Each structure stands twice: as structure tokens, then as C-alpha cells.
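Q: Next come the chains, spelled out residue by residue.
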Amino acid sequence: MSQPARASASRFALAKFYLAARKLPQIVVPCICSLFSIFFTARPACAFEFGTGGGFISQGDDRILPAVAGWLQFNSNILISGAAVGEKNSDFSQQTALLHLSYSSTLENSKSLRANLGVGEFINRTRILKFDSDGNSSSKISNATGLALGLHWTPALNNHLRFRAAWDALYIPPGISVLYLTFGHLQSVTAGLGWEF
Amino acid sequence: MNRFPQLSVPIILLQIIATSTLALTIAPAQAFAFRLGLASGAIGVGTGQSNAADFASPVNLKGHAQFASLDLSFAATQLLLGKVFTFNSGAYVIPALGFIVDGNGSGPGVGTSFGFNFFCWGLCPYVEMQHLLGVGPRRHLASGYAVRLGIDYNSQSK
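As they're listed, the protein sequences go chains G and U.
Using the numbering used here, you'd call the opening residue of the first sequence number 12 and step up by one each time.
Using the numbering used here, you'd call the opening residue of the second sequence number 6 and step up by one each time.
Simulated from the structure, these hints should not be mistaken for lab results.
Among these hints, one or two may not hold up.
Here are the simulated distance ranges between beta carbons [as the list claims (entries may be wrong)]: (1) G:L83 - U:K88: 27 to 35 angstroms; (2) G:S101 - U:L77: 46 to 54 angstroms; (3) G:W164 - U:F72: 23 to 31 angstroms; (4) G:Q106 - U:F72: 44 to 52 angstroms; (5) G:I139 - U:G95: 32 to 40 angstroms.
Here are some chain U residues pointing at chain G (derived, C-beta under 10 angstroms) [as the list claims (entries may be wrong)]: (6) L86; (7) T91; (8) F92; (9) A147.
Here are some of the chain G residues that sit facing chain U, going by a computed Cβ distance under 8 angstroms [unchecked claim]: (10) G71; (11) L76; (12) E119; (13) W206.
Source: prediction; values computed, not measured.
Ideal Cβ placement from N, Cα and C applies to all residues, glycine included.
Let the sequences and hints guide you as you build the complete structure.
A: Following this line, the structure appears as C-alpha cells:
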């Protein structure tokens, strides 16, 4: 490989590394929050519950998309939950997922009503199915981290089976430089059955 | 200019609550437990999300009256009655039922408020995030939110 070609490849690798590094905080911050939640709030006795169900994700007025949902709760207080939806139209396809890592607590004396507070991630992939002159189609993946708040109703059906109706919201701040009380806002309403052991 | 002329009645109610809150702040402690408060901030109710916080706009105001564990909240965006669940940390959660006002159509709905009281000394400043779901005419589904900073009077706070 010639000297200019090596220099060009080196610059290209550096640019790729720079672009990857810019996205690093979006991955690292939720991971640190997760580890903090797990290590500082977990109790020695472990109890697990996992479940799945369905519902919808609301991206705004009349923007309701049917979604599948799943969750994993351990130590009674740490909840990992998510809802995902995919849609395909003639011109584009889109996949959206909401992932929440929350601290879950029962409300006063209630055994089945719980409030959740944590961090959430919004992941969206949009692919335009129209082809340009080179025969390529365009796709874009965007994600954002925000504050996750949720209200769950989780009555026990028997010793191991538990129903869960969840109403979650994700508040996404526009950026550190903007200190208005302005947020992007997504909601999900889901219900399903969980197995605890 | 009032961007929502149809909301003049809720705004008058808010003004009444604001006046009552100020009057009770300087009144002697009451024998029964109640709270009265006023908050403002940013709302997104079908009028183009996300909206910047505007504390002076009457549309963004919310008043609430709380007796025992029942909370009645008035705003240009809602009229909700809910049950208050509190935590020792000062955090609270209010699941509520009522009427949701939305730019694309209003109707019955539900709301949940997640808030946190801090530095309570007679008056309690609080921050509150609220999400709303309502059903409007012609199968319209309203999905709104509000983030507000407020202050309330607690009859039992020293």
C-alpha cells in the first residue's frame, strides 16, 4: 500500500473511532446507572419474575402502535422492562423499542400497586424503502436516554403466576445545553402474565 | 393573547385557587389536614410537543387541593381526582381519573403524577411530572404530559 493510501486509511480509521466515541456516553451512562442500581439496592435473597404480554406504544396524539412487551424483575425492586413495535408501509419500515431499568416500589400498604423510577432508552430504526440512483436505500438508527416513570398493577393469581398491567412513560430531555422543562415524551400501556420463582 | 379562548373557565378556577393559596399561607394553622398548591411549567397536549416552559402562561398553570389522601387538580389541561400515595423521602404518586383537555379533542381520561416535595417549611416547593391518556371524540386518543414546578401550602407542616 502506498504512503498516501496508508495515510488516508489511517485518517478514515481515526474518523470512525471519533464517530463511535461520540456515541459512547449513550451506552455508558445507562450501564453505569444499571450497575449502581443493582449493586446498591439489591438484597441478598433473590426472587425472580419474568413475563410477557402486549399493549401499545403512544408516540403522541393518535400515534398509537401495537406492541409486544416483556419484563424481568429481581429482588422485588429491580425491574427491567421493554416494549417493541415494528411497522412496514409501502415506502418505509420502522422498528421502535422502549427499554426501562427501574427501581420498583410498592405504594404504601398496597401489595399489588407499584411505582417505578429509573432510566429508559428509546431506540428507533427507520428504513426508507425507496432506492436512490445508486440503488441504495437509506436507513437511520436513533436512540435517546431519558427518565422512566411507571405505574404497575401486579396482582398475584396464584403462588407463581402474576398478572401485570403497566403504564410507563419516558421523558427524554432535549440536551444538556437546554435547561427548559421541555421533554420528548413516549408512553406505553401493556398487560401480560409473569412467572415468579 | 389567549391561545385557548375555550379554556377561560379553567383559568378563572385557577385564579381562585391561586388567591385561596395565598390567603391560607398567611392564615393560622388549620385543625384539619389539607394542602393547596399552584404549579406551572411545560405542557404537551396536542398543541405541538414539545413546548418550552412558560411560567407566566395561564395555560400551563395547575392548581390542586388535597384533603386527606384525595387530590383534586385543576388545570387548563385537566380536571382530575386521584388518590395520593406518599413515600418517606417526600416523593409521591397520584393515579387519577377525570377529564383531559387536548388540542385535538377532549374527553374522559386518566393521569398519573410523579412528584417530589423538598424543603418543606409551611410551604412546600415541589416538582411534578405527569402523563395523561384520554379518549376524545371520533376515536381520538389524547396522549399528553406536563412537567411543572410548584409550591403548596400544607396545613400540617411546621
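Q: Against each hint, give a clear statement of whether it holds in the structure.
A: Structure-based check of all given hints:
Roughly 29 angstroms separates the CB atoms of G:L83 and U:K88, a value that falls within the hinted 27 to 35 angstroms. Evaluation of the 46 to 54 angstroms hint for G:S101 and U:L77 yields a pass: the beta carbon distance comes to about 48 angstroms. In this structure, G:W164 and U:F72 meet the distance hint of 23 to 31 angstroms, their C-beta atoms being roughly 25 angstroms apart. For the pair G:Q106 and U:F72, the supplied restraint of 44 to 52 angstroms holds, since their beta-carbon distance comes to about 47 angstroms.
For G:I139 and U:G95, the Cβ-Cβ distance of about 48 angstroms falls outside the hinted range of 32 to 40 angstroms, so the restraint is violated. Proximity of U:L86 to chain G is violated relative to the hint, the smallest CB-CB distance being about 16 angstroms (cut-off 10 angstroms). At its closest, the beta carbon of U:T91 sits 7 angstroms from a beta carbon of chain G; the interface hint therefore holds under the 10 angstroms criterion. Here the hint on U:F92 is kept, as its CB sits about 7 angstroms from the closest CB of chain G, short of 10 angstroms.
A hinted interface residue such as U:A147 counts as satisfied when its beta carbon comes closer than 10 angstroms to some beta carbon of chain G; here the least separation is about 6 angstroms, so the hint holds. Because the beta carbon of G:G71 sits about 6 angstroms from the nearest beta carbon in chain U, less than 8 angstroms, this interface hint is met. Here the hint on G:L76 is broken, as its CB sits about 12 angstroms from the closest CB of chain U, past 8 angstroms. Nearest Cβ of chain U to the Cβ of G:E119: about 5 angstroms, under the 8 angstroms cut. The hint holds.
A hinted interface residue such as G:W206 counts as satisfied when its beta carbon comes closer than 8 angstroms to some beta carbon of chain U; here the least separation is about 26 angstroms, so the hint is violated.
Comparing the model with each earlier hint shows violations of hints 5, 6, 11 and 13; every other hint is respected.
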